[in-house]
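Chain residues, written in single-letter form:
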Amino acid sequence: MMRMMAMAGLLVMALAAPALAHKLKVFAVVEGDALAGTAYFAGGGKAVDVAGRIAGPDGTVVAEFRTDADGRFRVPVDAARAHTVTIDSGDGHVASLTVAGTGAAPPAVAAPSASPQLSGDDLSRRIDEAVARQLRPLREQLDAHDSRVRAMDVLGGIGFIFGLFGTGAWIASRRGRKA
Amino acid sequence: MAHIPDGVVSIPVLAAGAAVTLAGCGLGLRRLPPEAVPRVAVLSAVFFVASLVHLPAGVSSVHLILNGLMGITLGVAAFPAILVALLLQAVLFGFGGLVVLGVNVMNMAVPAVLAGALFTVLNRPGDGRRAALAGGVSAAVAVAATALMVALSLALSGQEFLPAAKLLGLTYVPVLVVETVFTAAAVGLVARVRPGLLGGKP
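Order-wise, the sequence lines are chains A and B.
All residue numbers for the first sequence refer to my numbering, where the first residue is 23 and numbers rise by one.
All residue numbers for the second sequence refer to my numbering, where the first residue is 1074 and numbers rise by one.
Since the hints were made in silico from the structure, they are not lab data.
A hint or two may mislead.
Below, in silico cross-link-like pairs of lysine-lysine (BS3-like), each with a Cα-Cα straight-line distance of 27 Å or less [stated by the list, open to error]: (1) A/68 x A/45; (2) A/45 x B/1239; (3) A/68 x B/1239.
Note that the coordinates shown come from a computational prediction; the quantities given were computed from them, not determined experimentally.
The whole structure should be built from the sequences, with the hints applied where relevant.
Pasting the structure below:
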């Protein structure tokens, strides 16, 4: 028993270093007229060449894709509508994420005036796009950080297990004494 | 992988998993004397952290399962130990879903109990090398059985069986090798210093 305790202790110490999780995650944002994002295993590797599909708000699949060598994808969609991205690695790992649409009607393709001055709407749209582009790596990082396994969770879980079984043993021993 | 997330398996598979898990836990707990509870707790904790040891493999990353070792040392009591560890993994790390908990426990605990039974058949008390060998073989069988059960769970839920099984087979090979070596070493050690711990009899 002592040896097992020591073994468990050693394992925990080895794991105090950054632990990797294998949960599949997907992150996506609207960029201009496309849905761009990454698929990765929480805390670690990129999900390379994994199948994914994009469904519209009514559940119909509007696009299918495979992630590239970096686990990234970029699929043109109607950015005004909400979309649900689902990644399925085929071995039981599935992740999905719903990305809200921009809500606005797609801007007219051909600008009516040739004047160099930007209209107010056009300017604010471009600012939105630029800010979204700049924020994306930050949001990706935050998303990845959120699903990382922390040493505190590991230790808390171990404590919980011992507490639970300890309570069980306590109850069982009380019952044994009464009988 | 062994931790199936929510929304992948179908309702009949969920029901079967929940039923098997409930029955296994009931059986395991009823047969469990109070003085054996600490051992279940220790192995539950080992199982809980073992899933955090990751090996990159193919498109996925795999981790140790150690269900062979659980079955060899705990017998049917592997069910409650695995249930508690998986519940905490689901709640704290998001490994596997809560609704599919029964299926995940079934896929890991049934092979564990099988491995425990196989070990008692193969093991000859008093022979350390034989015990290590039996432990290694049982661990390999447990991992292979888990891979097969996960593939079956997915197949019965409408995923195509062959591609899923092929992917799983591929990702489970490194786990199988590592677990075989690890369990053989652990069982060999326990057989030498505390042979009474083996065989699933508390």
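Hint check results:
{"no.": "1", "hint": "A/68 x A/45", "verdict": "11 Å, holds"}
{"no.": "2", "hint": "A/45 x B/1239", "verdict": "20 Å, holds"}
{"no.": "3", "hint": "A/68 x B/1239", "verdict": "20 Å, holds"}
Violated hints: none; the structure is consistent with every hint.
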